[in-house]
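Asker: Note that the protein sequences, when read in sequence, are chains A and B. Position in the first sequence (first residue = 1) + 8 = the numbering used here. Position in the second sequence (first residue = 1) + 14 = the numbering used here.
Worth flagging that the hints you see were computed from the coordinates, not collected in a lab. From a predicted model like this one, the values you see are computed outputs, not experimental measurements. One should not assume that every hint holds.
Stated by the list, open to error - These stretches of chain B come out as covered by chain A in the derived footprint (C-beta under 8 Å, 3 or more residues): (1) 36-47; (2) 131-143; (3) 151-157.
C-beta: ideal position from N, C-alpha, C; glycine also.
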Amino acid sequence: MKVTVKLFASFREAAGEAQRQVDVAPGTTVGQLWASLVEESPRLAPLSGSAAFAVNRLYARPDASLSDGDEVAFLPPVSGG
Amino acid sequence: MQQATGLGHSLFEVTDEPLSVDRLVTSVLTDGDGAVVTFVGTVRDSHWGRRVVALEYESYPEMAEAEMRRIGIDMIEKWGLHGIAMRHRTGRLSVGETSVIIAVSAPHRGEAFAACSEALDMLKATVPVWKKEYFEDGEVWVGQGAG
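Produce the complete structure using the sequences and hints provided.
Answerer: So, in structure tokens, the structure goes:
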């Protein structure tokens, strides 16, 4: 399955990219995808515990399963307003 | 921007353009309103004793607008509002510039004040926008720790 991964703010800086397409096996959860991204980008590791997840622009739990074509976002603690 | 029935006179937008209170008041105001309450968020010159030189706001715009709309619908239903507008600016802002405006219209001022305050609290808790503070000697993403 192909999903689009979006990273923002401190995560974007740590990973060195804002967006990319990723291949994932069926049944992969958001949490598992995050763990594999953190493993690839060591600079994400110290920040990884504070991540919130979104799938198709809605907040999602770590155990949410991904589907082909999903847009997955990894969000640091928000600070708008 | 008129939304579907139930949203009244409402607008939810992330933009990199300067924000105007007058425009948002006009967008929410209807003949049935006795009150329009606005919140204007501005860039302050210091944080934790350090002098702020500038702020930079980043967003996930599609989700931010969806979250603001969700908050707006909540507030309209809870407080009986006629309209609510939330506009957040992104990009680099100097001290004194406006980062966010919320405008709320209602028949009476009690509901308008309460809804504006609650909408702001909800925006700050869930809307995917991030603020980076630039000091003379460094920068940090708010809420993330030293950078």
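Asker: Quick check: do three or more residues in the segment 36-47 of chain B have a beta carbon closer than 8 Å to a beta carbon of chain A?
Answerer: n = 0 at 8 Å, threshold three: violated.
Asker: Would you check chain A against the segment 131-143 of chain B, counting CB to CB pairs closer than 8 Å, and say if three or more residues qualify?
Answerer: holds (count 8)
Asker: Check, residue by residue, whether the segment 151-157 of chain B contains three or more positions whose beta-carbon lies closer than 8 Å to a beta-carbon of chain A, and give the verdict.
Answerer: holds (count 3)
Hint 1 from the list above is the single one not met by this structure.
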